[in-house]
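Trainee: Let's have the full structure, built from the sequences with the hints guiding it.
First to last, the sequence lines map onto chains H and Z.
The numbering of the first sequence is the numbering used here, which starts it at 1 and goes up by one.
The numbering of the second sequence is the numbering used here, which starts it at 1 and goes up by one.
Worth flagging that the hints you see were computed from the coordinates, not collected in a lab.
On a predicted model such as this, the values are computed, not experimentally measured, just so you know.
Be careful, since some hints might not be right.
Stated by the list, open to error - One-sided excerpt, in silico: chain H residues whose CB lies under 7 Å from chain Z:
no., residue
1, Leu19
2, Pro25
3, Gln30
4, Gly31
5, Leu32
6, Ala60
7, Ala65
8, Thr80
9, Ser90
10, Ser174
11, Asn190
12, Leu192
13, Thr286
14, Trp289
To be verified - Using C-beta positions, here's what the derived DEER-type ranges look like:
no., chain 1, residue 1, chain 2, residue 2, range
15, H, Ala276, Z, Arg253, 37 to 47 Å
16, Z, Arg122, H, Leu221, 49 to 59 Å
17, Z, Ala83, H, Ser90, 37 to 47 Å
18, H, Val167, Z, Ala48, 51 to 61 Å
19, Z, Gly100, H, Leu221, 31 to 41 Å
20, Z, Val125, H, Lys103, 48 to 58 Å
21, Z, Val90, H, Leu17, 40 to 50 Å
As the list claims (entries may be wrong) - Computed far set for chain Z versus chain H, every beta-carbon distance over 12 Å:
no., residue
22, Leu55
23, Met92
24, Leu137
25, Arg159
26, Leu180
27, Ala194
28, Ala203
29, Leu237
30, Leu272
Backbone N, C-alpha and C define an ideal beta-carbon position, used for all residues, glycine too.
Listed below, chain by chain, are the residues.
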Amino acid sequence: MKRHPNWTVILVLAATLVLTFFRVPLASSQGLTLVAPYVEQDLPIGDPDSPLWQQSTALAIPLSAQNVTRPMTLETTVRTVSARALHDGSRIALLVEWSDGTKNDTTVRAEDFRDAVAVQFPLAEGPPFFCMGQVGGNVNIWHWKADWEAELTARADVDSAYPDMYVDQYPFTSAAEPVSAAPADYTDPNYLPAMAFGNLLAAATRASSVEDLVAGGFGTLTAEPLAGQNVDGFGEWSGETWRVIFSRDLRSTEPDDVRFAAGKLYAMAFAAWDGANGERNGQKSTSQWVSLQLAPAPGAAAPLGGAPAEQTAQRGWLNEGFYWVAGPVIATLLLIPLLVGGLMLALRIYEKK
Amino acid sequence: MQRTPDLIRWLALAALAEWLIGRSLTRAAIYIPKSAPMLAAFRGLTLAGQLALTLASLLALLTVVAITWRGGRNLALSALLSALVAASLVSMVVPLGGWGALLYHAATLIVVGLLVKVHLDRAAVRREKWAVGVTALAMVAAHLYLLLPPAGEVLGLARPSSLAIPFFAIGELLFVLTPLALWWAYGRSAPRWAWAVAGLVAAGFAGMRLSQPSMVGILAMWSSGLSLYLPWPLYALSLAFAVVTVVAGMRARHPVGWTMILLAAAGLAPQLSTQAFYALIALWALVSAEALASRPDLVSAVQSIPPLNPQPGLARALTR
Numbered sequence: 001m002k003r004h005p006n007w008t009v010i011l012v013l014a015a016t017l018v019l020t021f022f023r024v025p026l027a028s029s030q031g032l033t034l035v036a037p038y039v040e041q042d043l044p045i046g047d048p049d050s051p052l053w054q055q056s057t058a059l060a061i062p063l064s065a066q067n068v069t070r071p072m073t074l075e076t077t078v079r080t081v082s083a084r085a086l087h088d089g090s091r092i093a094l095l096v097e098w099s100d101g102t103k104n105d106t107t108v109r110a111e112d113f114r115d116a117v118a119v120q121f122p123l124a125e126g127p128p129f130f131c132m133g134q135v136g137g138n139v140n141i142w143h144w145k146a147d148w149e150a151e152l153t154a155r156a157d158v159d160s161a162y163p164d165m166y167v168d169q170y171p172f173t174s175a176a177e178p179v180s181a182a183p184a185d186y187t188d189p190n191y192l193p194a195m196a197f198g199n200l201l202a203a204a205t206r207a208s209s210v211e212d213l214v215a216g217g218f219g220t221l222t223a224e225p226l227a228g229q230n231v232d233g234f235g236e237w238s239g240e241t242w243r244v245i246f247s248r249d250l251r252s253t254e255p256d257d258v259r260f261a262a263g264k265l266y267a268m269a270f271a272a273w274d275g276a277n278g279e280r281n282g283q284k285s286t287s288q289w290v291s292l293q294l295a296p297a298p299g300a301a302a303p304l305g306g307a308p309a310e311q312t313a314q315r316g317w318l319n320e321g322f323y324w325v326a327g328p329v330i331a332t333l334l335l336i337p338l339l340v341g342g343l344m345l346a347l348r349i350y351e352k353k
Numbered sequence: 001m002q003r004t005p006d007l008i009r010w011l012a013l014a015a016l017a018e019w020l021i022g023r024s025l026t027r028a029a030i031y032i033p034k035s036a037p038m039l040a041a042f043r044g045l046t047l048a049g050q051l052a053l054t055l056a057s058l059l060a061l062l063t064v065v066a067i068t069w070r071g072g073r074n075l076a077l078s079a080l081l082s083a084l085v086a087a088s089l090v091s092m093v094v095p096l097g098g099w100g101a102l103l104y105h106a107a108t109l110i111v112v113g114l115l116v117k118v119h120l121d122r123a124a125v126r127r128e129k130w131a132v133g134v135t136a137l138a139m140v141a142a143h144l145y146l147l148l149p150p151a152g153e154v155l156g157l158a159r160p161s162s163l164a165i166p167f168f169a170i171g172e173l174l175f176v177l178t179p180l181a182l183w184w185a186y187g188r189s190a191p192r193w194a195w196a197v198a199g200l201v202a203a204g205f206a207g208m209r210l211s212q213p214s215m216v217g218i219l220a221m222w223s224s225g226l227s228l229y230l231p232w233p234l235y236a237l238s239l240a241f242a243v244v245t246v247v248a249g250m251r252a253r254h255p256v257g258w259t260m261i262l263l264a265a266a267g268l269a270p271q272l273s274t275q276a277f278y279a280l281i282a283l284w285a286l287v288s289a290e291a292l293a294s295r296p297d298l299v300s301a302v303q304s305i306p307p308l309n310p311q312p313g314l315a316r317a318l319t320r
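Mentor: Encoded structure:
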């Protein structure tokens, strides 16, 4: 007897291949959404107590538990960060708060680890299920560091931790003995090669307490060039809580920066490090993906997906075909069974009457 | 015992692949050597995860539509499920905010309530009622945690709700207890070798948790939405009972095995509509299977509804 092919299975598998190839999402985000309202005033990028922040509904976001140096501690509370966001049409500000009983803002000694918080934005479209980005889909990371915040005021060096230290000699500097030499004391910057090359970590002064990074898969975390470090940060510790404000222009010219537009949905995730717990690098607490939505200005009809020019700049030629041809066709094919089901339901209700 | 519909079995397998590959293995790949063959294998794994997600999403949508189609007398359930499917498709283009998100999660809660009511209305042993109750309560707590932020936005509240994290914590506790409850109700006939397998899985988790607590915590948050705030032995125990329940369900041809897989893939506080549908379908399968098994007249009634397509298709896949 001739076996008929199972057309349902073939159709489903074919649809899967087509939808994956054209990157058509069939799942929508239904997790937490942080809405950034529009404000006309200047954003409070240096004032976490500003009443403007009350215009944004804060989200309490749980983080993964962390037991690095105290594995036997049975902490039965969920570690969380609270996040708010505002925008004024040209800049966006994010206020992130979390509980931390200790202020760890120095990394001079080898045993010191900093408090830090990071926000991650995937640059590729589609479900971002990869912590450090995927090949072909980078993530833009804004990493605030407590020691960088402290160094905005004064650079910390070995003598900050050991004020009674003695120095025999610092060659190529004009520093008096026995004090340590500051970068400005060097007669030739080439004797500070990292600094001379513009290495961000070796910078003599800090322009921002936030490091702007990009990652495209594990082991690829890279700081953006010095000229591309365009995220401002402000951090304040109030005894029990860190409050950190990230701010940046909505539209960035850097190729690896996330670009924001009103009305569009963005994914972001948070990570926090507690220096007192020895947390650093991959030893951190992370959150799930949270959606960020910038509310349009009152009276302004914001385009659904942001400015068309920006969309084109972020998408390849293949996706243009999807948006104008394949997408509507596929959406229609998916809606057909839904419509049929609805008709059947309506018929059944009618028959019962 | 009523055989689990084919569509749900396919969905459970696709969900398992999507969960293990797309949300778990690729994240754990951070430890592998970064040689060219390994990178190529990682890219292949990533593509497999994307295919699994697409397949699982497609099957989840089709399953919910099929459940709606075959909804029987429960028109409210059918209408709400249709609304959830429509909202999930619309929200891919127009983000649900404020009232939209609030109504979406409220509708999900009502669906869970209706399914529990169906289960409680039938004659069922007390431990089965408790099992379904614990499963449903975990989903309720998680969706209440997700519902509070849009509710705050609608009400114009600035501070996060003080109930959000407690709901999350309660939801995680109930989520961890769900395998125990399901095992107690349906999985006690599991063979001894299932316990050996479960012990190995639990030991593996315990070893990873003790040696790499950070990575395991991150992995759990990314793959299942669990923060691991409870003492880790509880999670190991829950994992073991889940494995035993799956084995017991498969051997007895009871939907609880597939339900357990779908619930694990759904995770806590699902981020995607697909994951939310996993959980709803799992609950429906658990509730409806018992209903069908205890009411042979319902079985014939469901199977007597003529499908639109005489070829083997969605309609027969739900009753075969």
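Trainee: Hints first: check each against the structure and report whether it holds.
Mentor: Outcome of the hint check:
1. Leu19: 5 Å, holds
2. Pro25: At 6 Å from the nearest chain Z Cβ, H:Pro25 passes the 7 Å test, so the hint holds.
3. Gln30: 5 Å, holds
4. Gly31: 4 Å, holds
5. Leu32: Holds - the Cβ of H:Leu32 comes within 7 Å of chain Z, reaching about 6 Å at its closest.
6. Ala60: Interface hint status for H:Ala60: holds (4 Å vs cutoff 7 Å).
7. Ala65: Because about 5 Å separates H:Ala65 from the closest Cβ in chain Z, which is inside the 7 Å limit, the hint holds.
8. Thr80: 6 Å, holds
9. Ser90: 22 Å, violated
10. Ser174: This interface hint is violated because 44 Å lies over the 7 Å limit.
11. Asn190: 33 Å, violated
12. Leu192: 31 Å, violated
13. Thr286: This hint holds: H:Thr286 lies near chain Z, its Cβ roughly 5 Å from the closest one there, short of 7 Å.
14. Trp289: 6 Å, holds
15. H:Ala276 <-> Z:Arg253: 37 to 47 Å: Violated: the Cβ-Cβ distance is about 54 Å, outside 37 to 47 Å.
16. Z:Arg122 <-> H:Leu221: 49 to 59 Å: The hint (49 to 59 Å, Cβ to Cβ) holds, given that Z:Arg122 and H:Leu221 are roughly 55 Å apart.
17. Z:Ala83 <-> H:Ser90: 37 to 47 Å: Cβ of Z:Ala83 to Cβ of H:Ser90: about 39 Å, so the range 37 to 47 Å holds.
18. H:Val167 <-> Z:Ala48: 51 to 61 Å: 58 Å, holds
19. Z:Gly100 <-> H:Leu221: 31 to 41 Å: 36 Å, holds
20. Z:Val125 <-> H:Lys103: 48 to 58 Å: With Cβ atoms ~57 Å apart, the hint holds.
21. Z:Val90 <-> H:Leu17: 40 to 50 Å: 25 Å, violated
22. Leu55: Contrary to the label, Z:Leu55 does not stay out of reach of chain H, its closest Cβ about 4 Å off (not over 12 Å).
23. Met92: 5 Å, violated
24. Leu137: 18 Å, holds
25. Arg159: 6 Å, violated
26. Leu180: 19 Å, holds
27. Ala194: 29 Å, holds
28. Ala203: At about 17 Å from chain H, Z:Ala203 clears the 12 Å cut-off, so the statement holds.
29. Leu237: Check passes; 16 Å lies beyond 12 Å.
30. Leu272: At about 4 Å from chain H, Z:Leu272 fails to clear the 12 Å cut-off, so the statement is violated.
Checked against the numbered hints above, the structure violates hints 9, 10, 11, 12, 15, 21, 22, 23, 25, 30; every other hint is satisfied.
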